[in-house]
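Line by line, the protein sequences give chains A and B.
According to the numbering used here, the first sequence is numbered sequentially starting from 20.
According to the numbering used here, the second sequence is numbered sequentially starting from 6.
Rather than coming from a laboratory, the hints here were simulated on the basis of the structure.
Using N, Cα and C, we set each Cβ at its ideal position, and we do this for glycine too.
Don't take every hint at face value.
[Stated by the list, open to error] DEER-style ranges, computed between Cβ atoms:
(1) G214(B) - T112(A): 39 to 47 Å
(2) G229(A) - G214(B): 49 to 57 Å
(3) R181(B) - G229(A): 57 to 65 Å
[Unchecked claim] Listed below are several chain B residues computed to face chain A (Cβ distance under 8 Å; list not exhaustive):
(4) A82
(5) S86
(6) P87
(7) T88
(8) G114
(9) N118
(10) T121
(11) L125
(12) V144
(13) H204
(14) G222
(15) G225
(16) L252
(17) P253
(18) F254
(19) T255
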Amino acid sequence: MPCDAAAVAAAIRAAAAVITTHRDELVRLDQAIGDADHGENLERGFGFVVSSLDGEVPDNPGAVLKLVATTLISKVGGAAGPLYGTAFLRAATALGDAPVLTPESVAAALRAAVGGVVARGKAEVGDKTMVDALTPAADAAEQTAAVAGELAEVLRAAADAAEAGAESTVPLIARKGRASYLGERSVGHLDPGARSSALLLRSFADSAAGA
Amino acid sequence: MKKIVNDPADVVADALRGLAAAHPGLLRVTEDPAVVARADAPVRGKVAVVSGGGSGHEPLHTGFVGPGMLDAACPGAVFTSPTPDQVQAAVSQVDGGAGILLVVKNYTGDVLNFETAAELLAADGVDVRTVVIDDDVAVQDSLYTAGRRGVGGTVPLEKIVGAAAEAGADLDTCERLAGTVIANTRSMGMALTAPTVPHVGEPSFTLAGDEMEVGIGIHGEPGRRRAALADANGIVTALLDPILSDLPFTEGDRVLLFTNSMGGTPLLELYLAHGIAERRLAERGIAVERRLVGPFITSLEMQGMSLTMLRLDDELLRWWDAPVHTPALRWGL
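Isolated chain A, as found in the complex:
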């Protein structure tokens, strides 16, 4: 089944449900090294995203992601709003107005998304942020797409890499975001932004596998 606008919209709805399921987990992770708002803000933001998808059905995957982006930027606040908003906006731009997703276009969109987060947040791999999950995910997606993997395989590889990348933040000292105020006291905690990035990619992979 081709992955068109309707399929992408369904995947976004599924991801919103995953965020709701994991809201308290994300709040607890953020409580340990931040300000306890990550789960709440993402749930609120994706709630608005689902509402905007109820209102209008954009006619290609890129337009769906652009709607996600503008909703997150205008409704969420905090760091997560502009960072995830920029990620979805860059991904949307990379997809253009193509009617369906391909393995290559998804890998390129993920790479563009990471580029946006890095440009906005100025974090690098190893700073204990969502970049630690997203960068290896983009690498894995490109590698899988290059060996002619299917869309679901590309996203599964990205999700696997993102989960490993998120776990890799546990021993790190935070250098960006609110956790950086803690210095060495941030060691031993999973970064909430890296965790939510891994959750979103896993959800997208599951949607692609079921499509």
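Given the coordinates of chain A, work out where chain B should sit on it, guided by the hints.
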């Protein structure tokens, strides 16, 4: 959790309605996006000073809206920065044609959202400048952190720049003045208890009965270090010494001393601490010329305090003393 709330999801909106009801004629509160503006905005020909940040720090920033201080404030969700569309909406309400000064506290989310708003406003032809306050000496300013946080110094910054704007200073002057305040302000805070964010429902961290958190921020994020609970003398020393050595403040300096409650510390204890700080500064030959004591930048119900020192010159003193009429600061009228 025991709090005076209905639905925790509606805390900010419900509180804004109460704020509007409490200050008719002074404030104009609009919802979706949430903006608190002075009732007589826009003031033609005046630089508009706009700030904002997460809610939960009241009276900052909404309580500082009014003649002589802020033209508008954008309250975000609890401990969450406002969104770019809130900032744009605020600016559209208060733009008097002489430019906009955005006052931003240095946190990743605040900077990102105000930066985005400033770009969008500039693209619409608005003359907008952004100043970022980062006065917290508890955080090392290095490549390895998000930089120092904006804390207590935000209050004198908004007062002083707001007074200059009210008196007709142009945008360049307001921006330069903000730079002077930021360069001469240092703060440090501590906590005895943690705040409870309404939508979380439990304290942000736990402290044993004989512990305190030193170098705390204003969002329930833990501080730089946990220490054995000290008496008032020890607490004031733990806050004052890093402030004094950082700028550094030296003998002969004239200062504003701002002793702030984090929300849960009563005035009895705050005045006690303020008296100690005044004595310490007198011993060092530092002249406290102006004071502010009370809960002005808080972290919900957190028990604790912060000290802020601003090195004054005649210009800063003049704008600090200028008339102000807001819910939380009111003098010279």
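Notebook entry, point to check: Against chain A, with CB atoms and a cut of 8 Å, does the hint on N118(B) hold up?
Noted result: holds (6 Å)
Item checked: Residue hint A82(B), partner chain A, criterion CB-CB below 8 Å -> holds (6 Å)
Note to self: Under 8 Å is the threshold here; is the Cβ of L252(B) close enough to any Cβ of chain A for the hint to stand?
What the structure shows: violated (20 Å)
Margin query: Next item in the hint list is T255(B). Is there a CB on chain A closer than 8 Å to its CB?
Written below: For T255(B), the interface hint is violated, since the closest Cβ of chain A sits about 28 Å away, which is over 8 Å.
Checklist line | Hint status (Cβ of V144(B) to nearest Cβ of chain A, threshold 8 Å) | finding: holds (5 Å)
Next item on the list: So, G225(B) near chain A? Judge it on the closest CB pair being under 8 Å.
Entry: holds (6 Å)
Next item on the list: Would you check whether G114(B) satisfies its interface hint, that is, whether its CB is within less than 8 Å of any CB in chain A?
Entry: Holds - the Cβ of G114(B) comes within 8 Å of chain A, reaching about 4 Å at its closest.
Note to self: So, as I understand it, the hint says L125(B) touches chain A; can you test that by seeing if any CB pair is closer than 8 Å?
What the structure shows: Since the shortest Cβ distance to chain A is 10 Å, the answer is violated.
Notebook entry, point to check: Holds or violated: is there a CB of chain A closer than 8 Å to the CB of F254(B)?
Noted result: violated (23 Å)
Margin query: Hint T121(B) vs chain A: min CB-CB distance below 8 Å?
Written below: This hint holds: T121(B) lies near chain A, its Cβ roughly 6 Å from the closest one there, short of 8 Å.
Margin query: Take the shortest C-beta to C-beta distance between P253(B) and chain A; is it under 8 Å?
Written below: violated (22 Å)
Check: Are G214(B) and T112(A) spaced within 39 to 47 Å by their CB atoms?
Finding: Given range 39 to 47 Å: violated, Cβ gap about 55 Å.
Against the hints set out earlier in the document, violations occur for numbers 1, 11, 16, 17, 18 and 19.
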